[in-house]
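*Asks:* Chain by chain, the residues run as shown.
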Amino acid sequence: MTNVADPDIRDTGRIAHPRNHLPGESSMWFFVIGDLLIFGVYFIGYVYYRGLDPDLFLQSQARLNLDIGAINTVILLTSSLFVALGTSAARNGKVPEAIRLFGLAFAFGVAFPVMKAFEYIPEVTAGLTPGTNLFFMYYYVMTGLHLCHVTLGLVILGFVIRSLRITVKPRMSFVESAATYWHMVDLLWILLFALLYLMR
Amino acid sequence: MSDTVVTAPEFPAESAPPRPRNRKRDQWIAFWLVPIFFNLFGVVFVPLSWMMPPRPPNNPTPAIVEFMQSHNLLIACAVLTVCFGLASVGNAVYLIQIKRMSVSPVFRYSVMMGAMTGTIVGMLFPMFCFGLGAFRSGYEPSTLSMLYDFGYLAFIGSLGCFCVMWMSFGLAIILDKNNVLPKWLGYYTVWQYVTELMAAPVWISKSGPFAWNGLMTFWFAMVLYVSWQIIVYVCIYRAIKNQPDDTLETAWLHAEVAPSDPRPKADA
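Residue numbers (our numbering), protein chains in the order written: chain A, 22 to 221; chain B, 35 to 302.
A hint or two may mislead.
With a cut-off of at most 25 Å between alpha-carbon atoms, the simulated DSS-like pairs for lysine-lysine come out as follows [said to hold, decoys possible]:
1. A:Lys190 x B:Lys211
2. B:Lys275 x B:Lys211
3. B:Lys58 x B:Lys240
4. B:Lys58 x B:Lys133
5. B:Lys275 x B:Lys217
6. B:Lys217 x A:Lys190
I should point out that these hints are in silico values taken from the structure, not numbers from a laboratory. Since the model is a prediction, treat every value here as computed from it, not as a measurement.
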């Protein structure tokens with residue numbers, strides 16, 4: 022909220038965008054809000070079916086690996102922090118720092134699917150598959166759908182790093198759109214973690 | 035005199051009679067066939083055969099046999115056999131608009147191939163399965179149950195083909211710099227295809243929210259799909275309407291009327 026009217030020209034000579042605008046492109050917000058609504062409907066569906074058979078859901082939930090779930094939460098939150106710092110750095114024209122921070126965010130982001138593999142593989146080999154019961158169907162479908170979002174987010178972060186590397190002046194609307202998307206992925210995971218792993 | 039000789043080839047269109055707004059007739063015909071097709075589809079699937087909303091996967095065998103050999107299903111399959119080809123004409127309106135976008139042709143080909151494979155698996159296969167039951171009497175109940183499973187799984191569980199199609203369509207809209215279709219429609223398309231991924235569990239579940247008639251795999255996806263389909267056609271309508279005549283693929287047909295210019299004649 023500091024540079025309301027004038028573009029901020031820093032010592033690097035780059036121009037930061039005015040800050041009184043919606044971060045990112047408005048169409049990305051359309052996507053984010055819609056995606057959250059869709060996941061919201063899925064969550065309502067999950068809670069409804071959980072209410073029909075709470076014992077089954079609780080017993081199945083106890084078989085999930087809570088540790089990896091918690092580690093993944095920390096991983097995504099840390100990644101999101103680096104994205105926020107990277108966006109701020111890019112906005113202030115500190116491109117090399119932004120590249121470093123987005124690189125770190127990307128590295129943490131990559132750790133998420135790796136940890137997920139460590140979670141899925143022992144579960145599947147132990148016979149806990151989507152066909153086991155309704156809880157595991159929900160678990161695999163929702164976390165799988167979220168994993169698709171993470172993968173897409175990593176591709177987008179990769180494009181952000183590329184764009185920061187090849188252009189002199191960062192395209193802030195793109196960087197902010199990517200950051201918005203990544204934060205949404207983060208938020209969705211926190212909700213999923215609470216619903217699937219923690220809810221008693 | 036010399037003026038007229040020189041200027042005539044430069045403005046050949048002036049010599050042609052002014053055409054009314056009919057240069058997009060091909061696109062409009064393809065476009066208006068779509069609601070006809072979907073309405074026909076809707077009538078056939080819902081009130082005629084009650085194939086949709088999907089019957090339960092764990093239907094008892096007598097109920098399956100009765101459905102598979104019903105006269106209404108026979109009429110539905112006959113109508114589908116006749117009007118099935120309209121789907122490809124409907125897809126033409128997407129492809130024409132994607133061609134105007136500033137994106138790689140890979141997107142257009144992916145949409146085309148996705149539509150083709152999706153239509154074969156998602157429409158032709160079910161039509162054959164239900165058609166066999168309806169037109170050929172004498173099959174064992176177990177065979178009819180298999181055809182029933184095959185038909186519904188092909189119809190609802192084949193959405194992966196459409197996923198690639200809509201993903202390419204959505205990405206093309208998002209990446210396009212010519213603003214042929216609004217950006218938000220691209221994102222809406224992305225939701226739409228993501229919800230179609232939800233159809234994968236129908237292969238596993240036989241009842242509950244993930245069965246082929248379930249809340250998650252059918253009803254949510256259907257609500258989003260139907261609203262998306264209507265909105266996308268409104269956007270396509272506007273895109274066709276706003277398309278300048280000189281960007282039409284058939285523009286060269288109208289431009290070639292240059293009677294006194296020797297070069298086009300040599301080309302022709």
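*Asks:* Run every hint past the structure and note whether it holds.
*Replies:* For each hint, the structure was consulted:
no.	hint	result
1	A:Lys190 x B:Lys211	20 Å, holds
2	B:Lys275 x B:Lys211	19 Å, holds
3	B:Lys58 x B:Lys240	48 Å, violated
4	B:Lys58 x B:Lys133	15 Å, holds
5	B:Lys275 x B:Lys217	18 Å, holds
6	B:Lys217 x A:Lys190	24 Å, holds
Going down the numbered hints, you'll see the structure goes against just number 3.
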